[in-house]
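Protein chains: 2
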Amino acid sequence: MTSVAIDRVFNFSAGPAVLPEPVLRRAQEDIWNLAGTGIGILEHSHRGKAFGAVLEEAEALCRKVGNIPDNYKVFFMQGGATSQCYLVPANLLGQGKTADYFRTGKWAKDSVKEARFYGTAHVCYDGEPDNFRHLPTPDEISHSDNPVYVHFTSNNTIMGTQWAEEPACPDGAFLVSDACSDIFSRPIDFTRYGLVYAGAQKNLGPSGTSLVVVREDLLENPPRELPMMQSYKLCAEKGSMPNTPPTFGIYLMGRVFDWILSEGGLEEMERRNRAKAELVYGALDATSEFFECHAREDSRSLMNVTFKTGDPELDARFVAEADTNGMNGLKGHRSVGGMRASMYNAFPREGADQLAQFIRDFAQKNG
Amino acid sequence: MTSVAIDRVFNFSAGPAVLPEPVLRRAQEDIWNLAGTGIGILEHSHRGKAFGAVLEEAEALCRKVGNIPDNYKVFFMQGGATSQCYLVPANLLGQGKTADYFRTGKWAKDSVKEARFYGTAHVCYDGEPDNFRHLPTPDEISHSDNPVYVHFTSNNTIMGTQWAEEPACPDGAFLVSDACSDIFSRPIDFTRYGLVYAGAQKNLGPSGTSLVVVREDLLENPPRELPMMQSYKLCAEKGSMPNTPPTFGIYLMGRVFDWILSEGGLEEMERRNRAKAELVYGALDATSEFFECHAREDSRSLMNVTFKTGDPELDARFVAEADTNGMNGLKGHRSVGGMRASMYNAFPREGADQLAQFIRDFAQKNG
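Chains as they are written, first to last, in the working numbering: chain A, 1 to 367; chain B, 1001 to 1367.
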């Protein structure tokens, strides 16, 4: 530990999480005076020209980043994915109908619970007996007869598991993805989905705003009347503005989309994310007599690496010593314990390098 | 018009609206590195110590600003007041029960509509026949027999009307106030209320976060089971964190509360707001052969001054010329037309002075 003031540390937080530094620098300016208007981004009317341009650009850049087809609506909503847990069935699941859910972690469990307010949630795979260490192989999946949709969590932040690719979807149903923690971390083919949603606070921006991408025909016949702020249809029709939207969140997401494009797009994000994850998993595999990964090898996440020593006191020392060495936020979620290294798009490779070295040194010193 | 770059203009926007400049300056720093942690406020985990301190301070400062009694819960929610339109009856109105609503403008109308998803909304006063130009005198109010609560909008942003004090409440009921556009613009006695809510984007912070203050006994027996993110009880129990909260909105509200206290608290806010409003109403009254105020004199808002010439072309010229002179956002809401000058807590007196002079000059030049 030194007494020199720290400017920026390596932030392994699972979310809210590290943002690209050029985006932060730009936000510092725009908070005072956006585009020479003499008014900061937080203070601009959502009905004015300046914010209109921000919103339009955010949507256009999002479509460009994700190569989103024209028959998909893209809009921004208040709140995070826990709101989407009920908004999905509220907007897409009629009373008496069934949707299939992959129960692969905490957020998937919450989604199952909330769906039951609106229809029937059939669990087509339950990862709990295995403590959510792996994602299913095809023989472990059991669909209901006629599901409206099939819901899965593309990356399980707490467990550190990630689908290598989206699950197959029965005929007549459509796929819904909770992509909170890996949206735009790699290329995604939206034509395989009916709906993709993501809270912003991992790969996209600040907490409090969500991105929703939905095939437009799915909004045509809502199964029930809903309060204004719960309606996908209204939000899509009003271009993300059924009321005053979370303007700063939308602004910041636009800046992040711009940053992704300027860095080379989703292929480049995947290349970097894979390289960072390989550094850390490589160090863990090389010290496997000392560290154990929570996720089964075939289900490992590129976003969140979960591991432990098996000794809670030693885990705590790992977290504390890493923090002293400029690596913050490595404590695992209480339900899994141990450590978790979250390395989203904006997380720098140097941080992964430093963690990998620290893992080796720690194992050697304490092994 | 000059070609010199404008740094900051007078921002009369109805919301999102002008914020205190010291708060913006501080936010610029904290976005990069909060309190020497080496991590910006947007990037801090909501479960970490740094944000924990931010949240705790925001609540404590809010209680201090509002002199909020201990038997009231204070929490922050995702979204704005349009969400509260349905959250209030969802959490407080049992099926088959009735709540009374003062229908005094657009937001009040929306509240009535949303309440009908959960119970019966009785309109105890309807301002529409008068085009919402005034708030009711006691003889214009007709309560239902046994309302659970009485809902009113303390300031009608679009109409430019404001209750001088809260309405009387029938025995056995409690008052609910949508205080979006005048919260903390003057002292408020919370003991007269069951619930007060406000979207942040006028007097408190950025859009996308709401403040809720509620008497704790009202949360004890919720009338129905609700999805997690709709439950006041859960949000109160979890200290604003049933899930990842809108961390930046909460941070910024804390900074604004701190600013209010440092400037002298709510008495001083009211003194300033009254002085600003008097300047502008004074100019309008002095040119009443040219300008007409929308609100009846006894119902005039200190926050939003609504007025017009009666000639839409002349109104448009007023707005455009004011803009050229560094006064932005004066166009009235489309449902009322004409002009609207919104002057919340952070709006500087110099801007009101300049507008008052501009009103006199414009009337003289065009009268």
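Rather than coming from a laboratory, the hints here were simulated on the basis of the structure.
Any given hint could be a false lead.
In the EDC-like style, the derived pairs of lysine to aspartate or glutamate whose C-alpha atoms are separated by at most 20 Å in a straight line are [as the list claims (entries may be wrong)]: (1) A:LYS238 - A:ASP258; (2) B:LYS1064 - B:GLU1268; (3) A:LYS106 - A:ASP70; (4) B:LYS1365 - B:GLU1297; (5) A:LYS365 - A:GLU313; (6) A:LYS49 - B:ASP1315; (7) A:LYS49 - B:ASP1007; (8) B:LYS1238 - A:ASP110; (9) A:LYS233 - A:ASP70; (10) B:LYS1064 - B:ASP1189; (11) A:LYS113 - B:GLU1225; (12) B:LYS1308 - B:ASP1361; (13) A:LYS49 - B:ASP1323; (14) B:LYS1049 - A:ASP7; (15) A:LYS238 - B:ASP1110; (16) B:LYS1109 - A:ASP110; (17) B:LYS1238 - B:GLU1216; (18) A:LYS49 - A:GLU29; (19) A:LYS365 - A:ASP285; (20) B:LYS1049 - A:GLU321; (21) B:LYS1049 - A:GLU128; (22) B:LYS1233 - A:ASP110; (23) B:LYS1113 - A:GLU225; (24) B:LYS1109 - B:ASP1130; (25) A:LYS49 - B:ASP1130; (26) A:LYS113 - A:ASP139; (27) A:LYS233 - B:ASP1110; (28) B:LYS1097 - B:GLU1225; (29) B:LYS1113 - B:ASP1126; (30) B:LYS1238 - B:GLU1056; (31) B:LYS1106 - B:GLU1166; (32) B:LYS1233 - B:GLU1220; (33) B:LYS1049 - A:ASP315; (34) B:LYS1106 - B:GLU1128; (35) B:LYS1097 - B:ASP1189; (36) A:LYS109 - B:GLU1225; (37) B:LYS1097 - B:ASP1171.
These figures come from a predicted structure and were not determined experimentally.
Verification of the supplied hints:
1. A:LYS238 - A:ASP258: 24 Å, violated
2. B:LYS1064 - B:GLU1268: 15 Å, holds
3. A:LYS106 - A:ASP70: 33 Å, violated
4. B:LYS1365 - B:GLU1297: Measuring from Cα to Cα gives roughly 26 Å; hence the hint is violated.
5. A:LYS365 - A:GLU313: Roughly 15 Å between the alpha carbons, so the hint for LYS365 (chain A) and GLU313 (chain A) holds.
6. A:LYS49 - B:ASP1315: 19 Å, holds
7. A:LYS49 - B:ASP1007: 18 Å, holds
8. B:LYS1238 - A:ASP110: 16 Å, holds
9. A:LYS233 - A:ASP70: 16 Å, holds
10. B:LYS1064 - B:ASP1189: Distance ~13 Å between LYS1064 (chain B) and ASP1189 (chain B) Cα, so the pair holds.
11. A:LYS113 - B:GLU1225: Given that 20 Å is the threshold and the Cα spacing comes to 12 Å, the pair holds.
12. B:LYS1308 - B:ASP1361: 15 Å, holds
13. A:LYS49 - B:ASP1323: 13 Å, holds
14. B:LYS1049 - A:ASP7: 18 Å, holds
15. A:LYS238 - B:ASP1110: Since the Cα atoms of LYS238 (chain A) and ASP1110 (chain B) sit roughly 16 Å apart, the hinted pair holds (cutoff 20 Å).
16. B:LYS1109 - A:ASP110: Cα-Cα ~34 Å, so violated.
17. B:LYS1238 - B:GLU1216: Holds, at roughly 14 Å.
18. A:LYS49 - A:GLU29: 19 Å, holds
19. A:LYS365 - A:ASP285: At roughly 17 Å apart (the allowed maximum being 20 Å), ASP285 (chain A) and LYS365 (chain A) satisfy the hint.
20. B:LYS1049 - A:GLU321: 17 Å, holds
21. B:LYS1049 - A:GLU128: 31 Å, violated
22. B:LYS1233 - A:ASP110: The hint holds at about 18 Å.
23. B:LYS1113 - A:GLU225: Since the Cα atoms of LYS1113 (chain B) and GLU225 (chain A) sit roughly 12 Å apart, the hinted pair holds (cutoff 20 Å).
24. B:LYS1109 - B:ASP1130: 15 Å, holds
25. A:LYS49 - B:ASP1130: 32 Å, violated
26. A:LYS113 - A:ASP139: 25 Å, violated
27. A:LYS233 - B:ASP1110: Given that 20 Å is the threshold and the Cα spacing comes to 18 Å, the pair holds.
28. B:LYS1097 - B:GLU1225: Holds, because 16 Å separates the two Cα atoms, which is no more than 20 Å.
29. B:LYS1113 - B:ASP1126: 14 Å, holds
30. B:LYS1238 - B:GLU1056: Holds - the C-alpha atoms of GLU1056 (chain B) and LYS1238 (chain B) are around 13 Å apart, at most 20 Å.
31. B:LYS1106 - B:GLU1166: 19 Å, holds
32. B:LYS1233 - B:GLU1220: 8 Å, holds
33. B:LYS1049 - A:ASP315: Given pair LYS1049 (chain B), ASP315 (chain A) holds - Cα atoms ~19 Å apart, limit 20 Å.
34. B:LYS1106 - B:GLU1128: 10 Å, holds
35. B:LYS1097 - B:ASP1189: 27 Å, violated
36. A:LYS109 - B:GLU1225: This hinted pair holds, its Cα atoms lying about 18 Å apart.
37. B:LYS1097 - B:ASP1171: 16 Å, holds
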